[in-house]
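Novice: Full structure from sequences and hints, please.
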Amino acid sequence: DAKTTQPPSMDCAEGRAANLPCNHSTISGNEYVYWYRQIHSQGPQYIIHGLKNNETNEMASLIITEDRKSSTLILPHATLRDTAVYYCIVSPQGAQKLVFGQGTRLTINP
Amino acid sequence: NAGVMQNPRHLVRRRGQEARLRCSPMKGHSHVYWYRQLPEEGLKFMVYLQKENIIDESGMPKERFSAEFPKEGPSILRIQQVVRGDSAAYFCASSSGQLKGYGYTFGSGTRLTVV
Numbered sequence: 014d015a016k017t018t019q020p021p022s023m024d025c026a027e028g029r030a031a032n033l034p035c036n037h038s039t040i041s042g043n044e045y046v047y048w049y050r051q052i053h054s055q056g057p058q059y060i061i062h063g064l065k066n067n068e069t070n071e072m073a074s075l076i077i078t079e080d081r082k083s084s085t086l087i088l089p090h091a092t093l094r095d096t097a098v099y100y101c102i103v104s105p106q107g108a109q110k111l112v113f114g115q116g117t118r119l120t121i122n123p
Numbered sequence: 108n109a110g111v112m113q114n115p116r117h118l119v120r121r122r123g124q125e126a127r128l129r130c131s132p133m134k135g136h137s138h139v140y141w142y143r144q145l146p147e148e149g150l151k152f153m154v155y156l157q158k159e160n161i162i163d164e165s166g167m168p169k170e171r172f173s174a175e176f177p178k179e180g181p182s183i184l185r186i187q188q189v190v191r192g193d194s195a196a197y198f199c200a201s202s203s204g205q206l207k208g209y210g211y212t213f214g215s216g217t218r219l220t221v222v
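If you read the sequences in order, they're chains L and S. Each step along the first sequence adds one to the number in the working numbering, with nothing skipped, and position 70 is 83. Each step along the second sequence adds one to the number in the working numbering, with nothing skipped, and position 43 is 150.
Hints listed in this document are in silico derivations from the structure and should not be mistaken for laboratory results. For clarity, every value in this text was computed on a predicted model and none was experimentally measured. Check each hint, because a few of them may be wrong.
Stated by the list, open to error - Taking CB as the label site, the calculated pair distances span: (1) L:Asn43 / S:Ile183: 41 to 47 Å; (2) L:Asn67 / S:Glu159: 38 to 44 Å; (3) L:Ser38 / S:Lys151: 32 to 38 Å; (4) L:Thr92 / S:His136: 28 to 34 Å; (5) L:Glu79 / S:Pro168: 28 to 34 Å; (6) S:Arg122 / L:Asn67: 49 to 55 Å; (7) L:Ala26 / S:Glu125: 31 to 37 Å.
Stated by the list, open to error - Keeping only pairs whose Cα atoms sit at most 30 Å apart, straight-line, the calculated DSBU-like set for lysine-lysine is: (8) L:Lys82 / S:Lys158; (9) S:Lys158 / S:Lys169; (10) S:Lys178 / S:Lys134; (11) L:Lys16 / S:Lys178; (12) L:Lys16 / L:Lys82; (13) S:Lys158 / L:Lys65; (14) L:Lys16 / L:Lys65; (15) L:Lys65 / S:Lys178; (16) S:Lys178 / S:Lys158; (17) L:Lys110 / S:Lys169; (18) L:Lys65 / L:Lys110; (19) L:Lys82 / L:Lys110; (20) S:Lys151 / S:Lys178; (21) S:Lys169 / S:Lys151; (22) L:Lys110 / S:Lys178; (23) S:Lys134 / S:Lys151; (24) L:Lys82 / S:Lys178; (25) L:Lys110 / L:Lys16; (26) L:Lys65 / S:Lys169; (27) S:Lys134 / S:Lys158; (28) L:Lys82 / L:Lys65; (29) L:Lys16 / S:Lys169.
Said to hold, decoys possible - Part of the chain L face toward chain S, derived, beta carbon under 7 Å: (30) His53; (31) Gly56; (32) Pro57; (33) Thr96; (34) Lys110; (35) Phe113.
C-beta: ideal position from N, C-alpha, C; glycine also.
Specialist: Structure, rendered in structure tokens:
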């Protein structure tokens, strides 16, 4: 079973920042937070991951609370192509399978 | 640097036939994972293989489903005597064996339709 809770859907205007929350109150000390997304009919795509520090890459930023019980994925300037289902996953580094929940269906509106 | 290659992209089978789904991992990856996504649902883990070995098949249905990853060639997910409930998207992912950095790389999937 997934260890995360995400809102089922969100909307965001094109060009604005999209902030996707994720609760993982039972996260263990050795578990990372991973974000993947699945654009319609495609395979999931890795976005970013982190342990306790905030992380940023060319796609997004990941903000993890100090107690690590929740995190937020930020897409700084959302485009229509960012419309997808976004999955927040917690997993130990070295774990050999990912457990996907239902994710958040993000719709970017023009 | 080709990614994970899955074929066919679309597969139609009649009830009772066999379905074979192929997955070629990324170059340098020796770990393969199969996931199934039923319509309007999330991805569910099926099986994890390394070359010539099944490491974790806890998500595989007990009957009709099998997987292999031979020393040479792609990984094969085989479904015997397909039923309509097998209609789904089947995704393969590969990794170098350590879930860090990029973690998994997924293929584009095979959409199986059973008629």
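Novice: Hint by hint, where does the structure go against what was stated? Just the numbers, ascending.
Specialist: Hints 1, 3, 5, 7, 8, 11, 13, 15, 24, 26, 30 and 33 contradicted; others consistent.
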